[in-house]
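Chemist: If you want the building blocks of each chain, they are given just below.
2 protein chains.
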Amino acid sequence: MARIEYPQAVVALVNELKQLPGVGPRSAERIAIWLVQHPRAHPVAFSEALLGAHEKVVPCPRCGFFSTPEGCAVCQHPRREPVLCVVEQATDVISMERSGAFRGRYHCLGGRLSPLDNVTPEDLRIGPLLERIGSEGTEEVILALGSDVEGEATANYLADLLRTKCRVTRLAQGLPAGGGLEHADALTLARALEGRRGL
Amino acid sequence: MARIEYPQAVVALVNELKQLPGVGPRSAERIAIWLVQHPRAHPVAFSEALLGAHEKVVPCPRCGFFSTPEGCAVCQHPRREPVLCVVEQATDVISMERSGAFRGRYHCLGGRLSPLDNVTPEDLRIGPLLERIGSEGTEEVILALGSDVEGEATANYLADLLRTKCRVTRLAQGLPAGGGLEHADALTLARALEGRRGL
Numbered sequence: 146m147a148r149i150e151y152p153q154a155v156v157a158l159v160n161e162l163k164q165l166p167g168v169g170p171r172s173a174e175r176i177a178i179w180l181v182q183h184p185r186a187h188p189v190a191f192s193e194a195l196l197g198a199h200e201k202v203v204p205c206p207r208c209g210f211f212s213t214p215e216g217c218a219v220c221q222h223p224r225r226e227p228v229l230c231v232v233e234q235a236t237d238v239i240s241m242e243r244s245g246a247f248r249g250r251y252h253c254l255g256g257r258l259s260p261l262d263n264v265t266p267e268d269l270r271i272g273p274l275l276e277r278i279g280s281e282g283t284e285e286v287i288l289a290l291g292s293d294v295e296g297e298a299t300a301n302y303l304a305d306l307l308r309t310k311c312r313v314t315r316l317a318q319g320l321p322a323g324g325g326l327e328h329a330d331a332l333t334l335a336r337a338l339e340g341r342r343g344l
Numbered sequence: 146m147a148r149i150e151y152p153q154a155v156v157a158l159v160n161e162l163k164q165l166p167g168v169g170p171r172s173a174e175r176i177a178i179w180l181v182q183h184p185r186a187h188p189v190a191f192s193e194a195l196l197g198a199h200e201k202v203v204p205c206p207r208c209g210f211f212s213t214p215e216g217c218a219v220c221q222h223p224r225r226e227p228v229l230c231v232v233e234q235a236t237d238v239i240s241m242e243r244s245g246a247f248r249g250r251y252h253c254l255g256g257r258l259s260p261l262d263n264v265t266p267e268d269l270r271i272g273p274l275l276e277r278i279g280s281e282g283t284e285e286v287i288l289a290l291g292s293d294v295e296g297e298a299t300a301n302y303l304a305d306l307l308r309t310k311c312r313v314t315r316l317a318q319g320l321p322a323g324g325g326l327e328h329a330d331a332l333t334l335a336r337a338l339e340g341r342r343g344l
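Protein sequence lines, in the order shown, are assigned to chains A and B.
First residue of the first sequence: 146, per the numbering used here; consecutive thereafter.
First residue of the second sequence: 146, per the numbering used here; consecutive thereafter.
Same shape as in the complex, but just chain A (with noise of 0.2 Å):
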């Protein structure tokens, strides 16, 4: 006897919903359950916050964050200094951004070094960075990479690259705020020793 399944109607929206990130094949039946029944859900709004952010969001051909018709918000800002920090994704330009540490450009380089998987320079938005560096006057280039393996060769790799353009420097590497020395691991601490600073 053939068992009672969800409507097809479900199954599909089931289906979309399992693919995001971090959502499993059960999470996915509960929202999709939600969506349908819930007073408080608005399908419509949400279908149409979607679409909009699908038609409208594009990377800035300039610095590669989020861009929509109405400009970049990186590169419209106005009066930012001319520092720029390289990061590797869009995302990590919102990070920097909520640490109010940083007042200049950015440039996202859509990746990271990584023969592993096949990521070659060529992969990375790095002519446009070279194209930057000389047009806009840029004073220094700050890496902010992650501290990891990748993200030291791509550090690496650009300082040979623009050493001689500007000045280069990297984020520093140390302690976690808030983090006691128990929780450092040996390598983290080492590094917080050799950049140590006089007080």
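In short, the hints are calculated from the structure, not lab data.
From a predicted model like this one, the values you see are computed outputs, not experimental measurements.
Hints should not be assumed to be uniformly reliable.
Claimed, not checked - Distance condition first, Cα-Cα at most 30 Å in a straight line; then the derived BS3-like pairs of lysine-lysine:
1. 310/A with 201/B
2. 201/A with 310/B
3. 310/B with 163/A
4. 201/A with 163/A
5. 163/A with 163/B
6. 201/B with 163/B
Unchecked claim - From the derived model, a few chain A residues whose C-beta atoms are all more than 12 Å from chain B:
7. 219
8. 242
9. 281
10. 284
11. 296
12. 301
13. 305
14. 319
15. 337
16. 342
Even for Gly, the Cβ is constructed at its ideal location relative to N, Cα and C.
Could you slot chain B onto chain A? The hints should help.
Modeler: Frame of chain A, contents of chain B only:
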């Protein structure tokens, strides 16, 4: 200086995603960026699935399961036994069906009695249940309700109401399949002992 934020279209999508059950602000951001950026994301198909489910799926006026313009899978199911399984939620039908152990029909109450949440018998689909028992020649009603306080109260209320009309049973309580004694709480053990069966 104004901080750079995501474009409004992304913020709107994040706000919609944040409402979903089990999706916090950080997951919402992650999912939104994935939907906007990832080559494997298909926001148009997602939006269509969402609107499709929203437009097509309504509660069946008879049994309360998810119904579509094509009809209700529960009510249209051919050759079901004249046994009515009463569940709290439409989703419980799927759980029962996946167990593969039931071949009758279903009736979804749409909730359970809960004086604390102001859920009274009038809020549940009890009227349609009584009608169905009268008109469908139901031989037995199985109360497949939760084994918590509200589920028990609802089961007792319905049993009093239905006892004169047909046979009324409820699901057994006892050890969950695969669970050892050491994981069962005292109440579960007491009920498993009470409901012990001859071998």
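Chemist: All hints, please: hold or fail.
Modeler: Tested hints:
no., hint, verdict
1, 310/A with 201/B, "61 Å, violated"
2, 201/A with 310/B, "61 Å, violated"
3, 310/B with 163/A, "44 Å, violated"
4, 201/A with 163/A, "24 Å, holds"
5, 163/A with 163/B, "16 Å, holds"
6, 201/B with 163/B, "24 Å, holds"
7, 219, "6 Å, violated"
8, 242, "4 Å, violated"
9, 281, "17 Å, holds"
10, 284, "18 Å, holds"
11, 296, "19 Å, holds"
12, 301, "27 Å, holds"
13, 305, "29 Å, holds"
14, 319, "25 Å, holds"
15, 337, "27 Å, holds"
16, 342, "26 Å, holds"
Hints 1, 2, 3, 7 and 8 from the list above are not met by this structure, while the remaining hints are.
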